[in-house]
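Dock chain B against chain A, hints included.
Below are the chains, spelled out letter by letter.
There are 2 protein chains.
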Amino acid sequence: MKKLYFTPGPSQLYFTAEEHLKNALKHGVPSISHRSKEFQSIYAHTVEQLKVLLNIPDGYHVVFTSSATEVWERIGQNLIENESFHFVNGAFSEKFFSIIQNLGKSALKKQVIEGSVVEVETVLIPESSELISITYNETSTGASHSQNDLDLIRKSFQDQLIALDVVSVTPSVEIDFSAVDTFYFSVQKCFGLPAGLGVWVFNDRCVQKAESLMNKNMSIGTYHCIPELVKKSMINQTPETPNMLNIYLLGRVAEDMNKKGVQQIRQETNYKHALLQHTINESPYLSHFVEKENNRSRTTAVANTTIDAKLLTEALAKKGLVIGSGYGTFKNSQIRIANFPTHSKEQIEMLSDQILSLNI
Amino acid sequence: MKKLYFTPGPSQLYFTAEEHLKNALKHGVPSISHRSKEFQSIYAHTVEQLKVLLNIPDGYHVVFTSSATEVWERIGQNLIENESFHFVNGAFSEKFFSIIQNLGKSALKKQVIEGSVVEVETVLIPESSELISITYNETSTGASHSQNDLDLIRKSFQDQLIALDVVSVTPSVEIDFSAVDTFYFSVQKCFGLPAGLGVWVFNDRCVQKAESLMNKNMSIGTYHCIPELVKKSMINQTPETPNMLNIYLLGRVAEDMNKKGVQQIRQETNYKHALLQHTINESPYLSHFVEKENNRSRTTAVANTTIDAKLLTEALAKKGLVIGSGYGTFKNSQIRIANFPTHSKEQIEMLSDQILSLNI
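Read top to bottom, the protein sequences are chains A and B.
Take the first sequence: its position 25, counted from the start at 1, is 25 in the working numbering, and no numbers get skipped.
Take the second sequence: its position 149, counted from the start at 1, is 149 in the working numbering, and no numbers get skipped.
Extracted from the complex, chain A is given alone in its bound form (with noise of 0.2 Å):
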């Protein structure tokens, strides 16, 4: 029986992914060079797709990393000297925190209990503290931010850094990037491929600050430290033999992504998302675990249960249907469910018909 897979990250593969991935061997693209012109073509190729898709503002760099947490390590390395603050309400948004903690500098934190999301205005940030960091989707609680908290944090704190995890929510939900100075995902979710892959986009203040650093003789890092990584760029490389085969269908995909339309793909998940809600308000076995409405996310949905998870978990992978289970405390007594972009509206339909269904 074919699995499908409505797991928050790694997920479904988006549902071009196997066909570039055949063309990429047809056209032999994990063997050519990472300093070839057809490599700087295939890399050139997936920033532009991604500047359309997601409406990057102009000056803003694209680079590559080998994932979301590596991006955390070199924000840290790369753009605090000294103190950071860390919106917390999640496992991910703790990740971040302890890794600057890891690296030795001092990071500060408002935190709030999982399934809610720190309320922008109350939160008081000291001067001291260089960059903020926000998770716009808390992907193991399914909490998630808005445009509005977004602006509301700009408008406060104009000489700080704000650096935005869009981890999982990207392109399922419209972010207008010029909010924020840094923000970064991994592409084992919205957009279905394998994971292996960080896309890293930063500012020029962000540039800056990293020099800055440097020129105080802080270690930045070495071959992934923002000048390297800039410098890089400007020819379409990477300072290392990269995940090129991931570059390459990060950008066919993104292009099948502007194809489709951003606009259509964003109604698709607010229909989807609704379905889920309905879904959860409906079952016997489940009850939102977000309690704020607009707190809900929109690509990963996630429920209370009233009986083991692993039940309807075990039931549902019986009829082919994976979804994810709570995580870390969670893991036996909620569920979550992704809406990526690959989720068509019927296969949703369909997984939330067998929920309503289940009879345990």
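Keep in mind that the hints were calculated from the coordinates and are not lab data.
Treat each hint with caution, since some may be false.
[To be verified] Cβ-to-Cβ under 7 Å is the rule here; a few derived chain A residues that face chain B:
no., residue
1, 3
2, 5
3, 12
4, 13
5, 18
6, 66
7, 73
8, 104
9, 194
10, 196
11, 219
12, 223
13, 244
14, 245
[What the hints assert, rightly or not] Among chain B residues calculated to face chain A with C-beta under 7 Å, some are:
no., residue
15, 3
16, 18
17, 25
18, 30
19, 73
20, 103
21, 104
22, 240
23, 241
24, 244
25, 245
Every value quoted in this text rests on a predicted model; they were computed, and no experiment measured them.
Positions of the beta carbon are idealized from the N, C-alpha and C atoms, including for glycine.
Just chain B, lined up with the frame of chain A:
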């Protein structure tokens, strides 16, 4: 026309790689959770096959990074408090040296001209150097060390850690890894896989060194520091969402190589090496770059050209045979030819015939 890549990495995919990639897609490998039992068994299989193939001594840990370049940085963070010593004889050994300097640590080097290797007997290494770095096969020049060199260094420097770069040489050449404390490679060379995965192997002395630096409150990195990598490897996982597809493919290709027999691969390597040596001897356009026969790489043949190297590479490219240009300043005056396990005797014979019949 289907191209055949004899470039020294990225190179031709291992001849079974495409089939394994198709199987991976069929079984949803890119979609499974990196925390699932399914992925844990993929991880365990890959490590097990590598241990057999490379005869990795007991007590050595096998972990995954995104590239060999990343391993350079991680060695610098985890295994060097103040000072390292590098055998430098080309671009790649030099890059590792630079990375240590960029980390703000003291890197010493013994540098010899490109095309040669450091004569181990003549090197004076201060007791203060905590780690000695050797590049077995300098891919930029085709100059190669030998097991004898490793044994000599080990004998003379028992207290220091010895780090061995085996990019573009393992498993094609037999190496007794008990002579070193850590070694590493990337998969786009002899393993014939898409780029984006590094393999890092180290013993418990390395673990202890990393822990001692951590206990001194030094920053040893974050998600990819040795203690985190070891902790996760114990349960066949990685700290971040890794390049799961490549970890799967590496296990399958290593298994294929084990089935074929590593001795067979090495015998074929020697045969093909002899053929390439003969080709360089006989061609009016070529001469050996590495003077000492013993130091000529068995996996990366490098030759000076009597005419612009581009004329040679282009003439061969017209026949679908892609060879490497010289590295860096040697771009127009040298060629490089990979002799990896995926290159069959027949393919190298064909390449040799084509080179020897060139009339430019």
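Would you check whether residue 66(A) satisfies its interface hint, that is, whether its CB is within less than 7 Å of any CB in chain B?
Constraint on residue 66(A) satisfied, holds at 3 Å.
Hint check, residue 223(A) versus chain B [nearest Cβ-Cβ separation less than 7 Å]
holds (5 Å)
May I ask you to test the interface hint for residue 18(B) with respect to chain A, counting a Cβ-Cβ separation under 7 Å as satisfied?
Status holds, d = 6 Å.
Measuring from the C-beta of residue 3(B) to each C-beta in chain A, is the shortest one below 7 Å?
holds (6 Å)
Supplied contact hint for residue 5(A), tested at 7 Å Cβ to chain B:
holds (4 Å)
Hint validity - residue 18(A) Cβ closer than 7 Å to any chain B Cβ
Nearest chain B Cβ about 6 Å off; hint holds.
Any CB of chain B closer than 7 Å to the CB of residue 244(A)?
Status holds, d = 6 Å.
Taking 7 Å as the limit, does the beta-carbon of residue 245(B) come near enough to a beta-carbon in chain A?
holds (4 Å)
For the restraint on residue 241(B), tell me whether the closest CB of chain A is nearer than 7 Å.
Because about 4 Å separates residue 241(B) from the closest Cβ in chain A, which is inside the 7 Å limit, the hint holds.
Restraint: residue 73(A) near chain B, CB-CB cut 7 Å. Satisfied or not?
holds (5 Å)
Is the hint on residue 240(B) kept, meaning its closest Cβ partner in chain A is under 7 Å away?
At 4 Å from the nearest chain A Cβ, residue 240(B) passes the 7 Å test, so the hint holds.
Hint check: is the beta carbon of residue 219(A) less than 7 Å from a beta carbon of chain B?
holds (5 Å)
The structure shown violates none of the earlier numbered hints.
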